[in-house]
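> The lines below spell out each chain.
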Amino acid sequence: MGQTLVYGFLNGALYGIIALGIALVFGVMRYLNLAQGSLIILGAYGILFLFHIGIDPFASMPLIAFLLFLLGGALFKVSFSRLIMLPETGRIKNSLLISFGLMLLIDNLATLLWTGDERSITPTYSGLTLGLFGLRFPLIGCVGVLSALVIIVALHTFLARTYFGKSIMAVSQDYEAASLLGVNVNFICLVSFAISVGLASIPSVLIGLKSFSPTVGIQWFNKGIIVVMLSGIGNINGVFPAGLLLGIMEAISVYIFGAPYREVTGLVVFVLVMVLFPKGLFKRQEL
Amino acid sequence: MMLRVEHVDVRYGDLQVLWDVNVEVSEGEIVALVGSNGAGKSTLIRTIAGLVKPSDGAIYYGDTLLNDKPPHAVAEFGISMVPEGRRLFPKMTVLQNLEMGAYLKKARPRKDATLAWVYDIFPILRKRSGQPAGLLSGGEQQMLAIGRALMGLNHFLLLDELSLGLSPLLVKQIFDVLVDINRAGITLFIVEQNVPMTLKIADRAYIMETGRIVGKGAAREHMESEHVKEAYLGMS
Numbered sequence: 001m002g003q004t005l006v007y008g009f010l011n012g013a014l015y016g017i018i019a020l021g022i023a024l025v026f027g028v029m030r031y032l033n034l035a036q037g038s039l040i041i042l043g044a045y046g047i048l049f050l051f052h053i054g055i056d057p058f059a060s061m062p063l064i065a066f067l068l069f070l071l072g073g074a075l076f077k078v079s080f081s082r083l084i085m086l087p088e089t090g091r092i093k094n095s096l097l098i099s100f101g102l103m104l105l106i107d108n109l110a111t112l113l114w115t116g117d118e119r120s121i122t123p124t125y126s127g128l129t130l131g132l133f134g135l136r137f138p139l140i141g142c143v144g145v146l147s148a149l150v151i152i153v154a155l156h157t158f159l160a161r162t163y164f165g166k167s168i169m170a171v172s173q174d175y176e177a178a179s180l181l182g183v184n185v186n187f188i189c190l191v192s193f194a195i196s197v198g199l200a201s202i203p204s205v206l207i208g209l210k211s212f213s214p215t216v217g218i219q220w221f222n223k224g225i226i227v228v229m230l231s232g233i234g235n236i237n238g239v240f241p242a243g244l245l246l247g248i249m250e251a252i253s254v255y256i257f258g259a260p261y262r263e264v265t266g267l268v269v270f271v272l273v274m275v276l277f278p279k280g281l282f283k284r285q286e287l
Numbered sequence: 001m002m003l004r005v006e007h008v009d010v011r012y013g014d015l016q017v018l019w020d021v022n023v024e025v026s027e028g029e030i031v032a033l034v035g036s037n038g039a040g041k042s043t044l045i046r047t048i049a050g051l052v053k054p055s056d057g058a059i060y061y062g063d064t065l066l067n068d069k070p071p072h073a074v075a076e077f078g079i080s081m082v083p084e085g086r087r088l089f090p091k092m093t094v095l096q097n098l099e100m101g102a103y104l105k106k107a108r109p110r111k112d113a114t115l116a117w118v119y120d121i122f123p124i125l126r127k128r129s130g131q132p133a134g135l136l137s138g139g140e141q142q143m144l145a146i147g148r149a150l151m152g153l154n155h156f157l158l159l160d161e162l163s164l165g166l167s168p169l170l171v172k173q174i175f176d177v178l179v180d181i182n183r184a185g186i187t188l189f190i191v192e193q194n195v196p197m198t199l200k201i202a203d204r205a206y207i208m209e210t211g212r213i214v215g216k217g218a219a220r221e222h223m224e225s226e227h228v229k230e231a232y233l234g235m236s
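In the order they appear, the protein sequences are chains E and L. Using this note's numbering, the first residue of the first sequence is number 1, and each one after it goes up by one. Using this note's numbering, the first residue of the second sequence is number 1, and each one after it goes up by one.
Bound-form chain E, shown alone (with noise of 0.2 Å):
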């Protein structure tokens, strides 16, 4: 039962800083980006490429995390730039048009480029394990953890420190006001949907040391937005903790029901929250 709930723990993880990426943007600008998950396993692909040249993948993802970054901010200018005019239901609706079809592009060059085979990269130190407690805590998970709340915490202290990341906080709640007060909105959304892009690069690695092929994206995208329903929409602080329980519960589920279960509980955890808590589980009330 310990050693279950240590690995629903460490999936739990991977879960919230998948889902940070799209929380960002869909707090900021209320697009639903569902080539997310492909942009992920984009960055495993450019990780494992650079493991074949010698570079190991912890080390590799800070100039993936640039590049995705890079993409991102390409593929707003080309893509979501204009959908920011419309109103909310039509950024919803044409940002998920978008993106389907971008996630499309993306799972399919990657197939012609690096064949449907299942990849993982496979580093020395991809089977160690420490011993806490008589339970076995993998390496990779933990240093996963790690970075996952490192990457929080900056985020969290960007977005409420910079006069920048006050600016997101700000076009995310009213993007007019915003810009009358002087703030370029197309710019921050710009950088905001870059910097989701960019944060793909962690699960990129973390994910690239499982095993993965170039269609599992919407996958995980999957686990991802059901932690961000669970959080609370455009609440970015709650999602940690939101993949933390759907980790957990997977885990209970998997000890309880058997392994074949576990894409259900997510989904049964999400149905229930969404009838009892549609607001989410950590959202404050609404002002």
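Hints are supplied without guarantee of correctness; some may be wrong.
What the hints assert, rightly or not - Derived DSBU-like pairs (lysine-lysine); straight-line CA-CA distance at most 30 Å:
(1) E:93 x L:53
(2) L:91 x E:77
(3) E:77 x L:111
Claimed, not checked - To be clear about the criterion: a stretch of chain L counts as covered by chain E if any three or more of its residues have a C-beta under 8 Å from a C-beta of chain E, and this derived list gives those stretches:
(4) 11 to 22
(5) 97 to 104
(6) 176 to 187
(7) 223 to 230
Derived by calculation from the structure, the hints in this document are not laboratory data. We put the CB at the ideal spot given by N, CA and C, even for glycine.
Got chain E; can you put chain L on it based on the hints?
Here is chain L on its own, set in the frame of chain E:
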């Protein structure tokens, strides 16, 4: 002339809402734009702020043509706006809202001094500084909206329907403050449905009906005019 609106037409798709509008505001003035609901007043003020693009005509601030400038650029050129419905950031505290007001590059270094000034104008905001803006009362929210606009240190302020939803006593308080703000050297362009109150503090006024300017002149003259008395002041 600080602000010049020349022959401006505005369309929403096929629907034309402003027709050949001409408005001028000089430095130091309080100019009012009055008219009934749906006359196009808010559209004009939103067009000046860059939120709506004119389909014809020109808007100059000083020598700068504002027609194609986005709202954030208009703010950088020196025009701030208190939008209709206050449009605060509800989940941010009062202080954070005011800090966002000082977003403009020229305002940031002087943020603390400006904040003290705004707190002097609206002492209640200092008491509420740690509260989320969404929890303030309507009057406090309107004060915060004005305070936030003042934080940008611009010399020209557009005010859209300040009195909406406020008690007469609060409206009077806020309009008294507007006079003080004007004396501090800030030019005001006020759009209002509350005509008697507005004409009391304004130097000059324009009257708008169905998208056209139908009257202009000193505020005092308007108060005497039979048409205004009948249509807006409830006298006959």
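> According to a criterion of three or more residues whose C-beta lies within less than 8 Å of a C-beta of chain E, is the region 11 to 22 of chain L covered?
Contact hint for the region 11 to 22 of chain L vs chain E: violated, 0 residues under 8 Å.
> Would the pair residue 91 of chain L and residue 77 of chain E pass a check requiring their Cα atoms to be no farther apart than 30 Å?
holds, 29 Å
> Tell me if chain E covers the region 223 to 230 of chain L under the three-residue, 8 Å CB rule, please?
It is violated: at least three residues are needed, and the region 223 to 230 of chain L offers just 0 whose Cβ sits closer than 8 Å to chain E.
> Are there at least three residues in the region 97 to 104 of chain L whose beta carbon sits under 8 Å from a beta carbon of chain E?
With 5 residues closer than 8 Å to chain E, the region 97 to 104 of chain L meets the three-residue bar; holds.
> Would you check the hint for residue 93 of chain E and residue 53 of chain L, treating anything up to 30 Å between C-alpha atoms as holding?
This hinted pair holds, its Cα atoms lying about 26 Å apart.
> Given the hint that residue 77 of chain E pairs with residue 111 of chain L, test it: the Cα-Cα distance must not exceed 30 Å.
Outside the cut-off at roughly 33 Å; violated.
> Are there three or more residues in the region 176 to 187 of chain L whose C-beta lies closer than 8 Å to some C-beta of chain E?
It is violated: at least three residues are needed, and the region 176 to 187 of chain L offers just 0 whose Cβ sits closer than 8 Å to chain E.
Violation of the numbered hints given earlier is confined to hints 3, 4, 6 and 7; the remaining hints are satisfied by the structure.
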